[in-house]
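Novice: Protein chains in written order, with this note's numbering: chain F, 1 to 219; chain P, 1 to 144; chain R, 1 to 147.
Source of the hints: derived by calculation from the structure; they are not laboratory data. Predicted, not measured: the structure shown is a model, and the values here were computed from it. Among the hints, erroneous ones may be present.
To be verified - Straight-line distance between alpha carbons at most 25 Å, and here's what the computed PhoX-like set of lysine-lysine pairs gives:
id	chain 1	residue 1	chain 2	residue 2
1	R	K128	F	K17
2	F	K87	P	K109
3	R	K29	R	K5
4	P	K94	F	K110
5	P	K94	F	K103
6	R	K128	R	K5
7	P	K109	F	K110
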Amino acid sequence: MYVIVAGGGKVGFYLAKELVEHGHEVLVVESDARRAAEIEAQLGSIVMCGPADEARVLRDAGAERADLVCAVTGDDEDNLVICQVAKARFHASRVIARINNPKNAEIFHKLGIDDTVSATDVVLSVIEQELPRQHLIPLLRLRHTDVEVVEAIVEEGSTIAGRRLRDVALPKPCTIAVILRDDAVIFPEPDTPILIGDALIAFTTSENEGPLRKALLGE
Amino acid sequence: MFVIIMGCGRVGARVASAMSRGGHEVLILDVNASAFDRLDADFGGTTVVGNGIDMDVLRRIGIERADAFLACTQGDNRNIMASQIAQHIFNVSKVVTRIYDPLRQDTFKALGLEAISSTVIAADRFIEVLDPDLVQEGLAVDRA
Amino acid sequence: MFNPKKILVPVNGGPQDATVVALASQLAKRSKGQVYAIYVIEVRRTLPLDADLPSERQEADVVLDGVEHAAEEWDQEVETEILQARDVGTAIVEEAVEANVDLILLGISYRRKFGEFDLGRTVPYVLKNAPCEVWVCREQIGDRSGR
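Work the whole structure out from these sequences, hints included.
Specialist: Shown next as structure tokens:
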């Protein structure tokens, strides 16, 4: 596969390096002469020095026979133009654009650039996975003990919604002491059903906090 | 009409001042507040510091009700992107883009932008003054 | 005394080709070594590296035939090769490493660019990157033969 990598920053450099290691023909187009020389020193003669957003440069780079053009400069507008020129003028088979502002994905899509990659989005998605969306809210820690009081809100789709308290397998030691339902305070019995929107106030050891979260809120 | 102008350089400031004097509602956008010093002292329009290729910014300044959008920053790609957002996302009916690079102007004209290359216009004018025959014979055409 | 066993002679059809081939032949003869002449075709990025380039290869064949004739005068055999590469300098250095040569003999013409002597990019690249010894033979300034 012949891949043109427009932009020789860190992303472009490592992308090119990986592609070469996978046996692809690669050309990095970098406008800064010093940076271009640096890349050439490390990756060999797979570098062209020039602005990739200029049609003349893309033509000389062989955009017409490229299987893929990756625009990975640091500026979204440059990446957009590189991809559009590669597609419209040179009929590059496939283009991929790096974007910084995740909201630009929609714009790029509307302008015919379907493949966008946003580092911002990737990091965000990792953060969202890391943060339990439904989490236990720590209320207080009992003085001089390992016991915590936490609150869990039963959201729609929860596995325990609609079940009786006795049917919920809780880790031991652990107690659900109070249920706050709308304005009511309920001291639950084993037969008390758990409903969506309930706030469960539980006593737990800090060791059991994880298992409790799993039991009440799922993963 | 309500005109949004992105880029308050010499050209942008000149157009903004003229449009404002002509009775239009003008909003001019630039990333650099000191750029607004170029406007007429009695400029009657609105100045906003912000980035014209950010949809949120464009929405905030009311691009949805704009009748016209002019992109004339120093950066061709910036102008191209902002203009395409105005045209394709917000459906502004009149969109004009300044593009320095004549080759890029061709490409984006083909993609439906009203693109004006100040390079081509200025060069043509110079040639016309130096040797009017060249222009008539069509020899001044760029063959890059 | 430097006795190179394998001498790489990159040729390009330039005025110094005959000189470097003659020099290489004599050196090789004395050290019972080999002469390895290469002609590098620089392939534009618009074409794949292994593109079929008949007219360029024909030209290369003519130049390498000339090399063989020049070496024959010294009764020295020459191994020849046509290479296709993106960049002449890199190709020369890579080939020198690959073929494990002891010496690269480069012939250059006297070129001016904007009134200044211009070495181009290939020679500096080879001088900087080749692991073996490198000799550069520049043609004389002005041409006595009136070429």
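Novice: Hint by hint, which ones does the structure fall short of?
Specialist: Violated hints: none; all satisfied.
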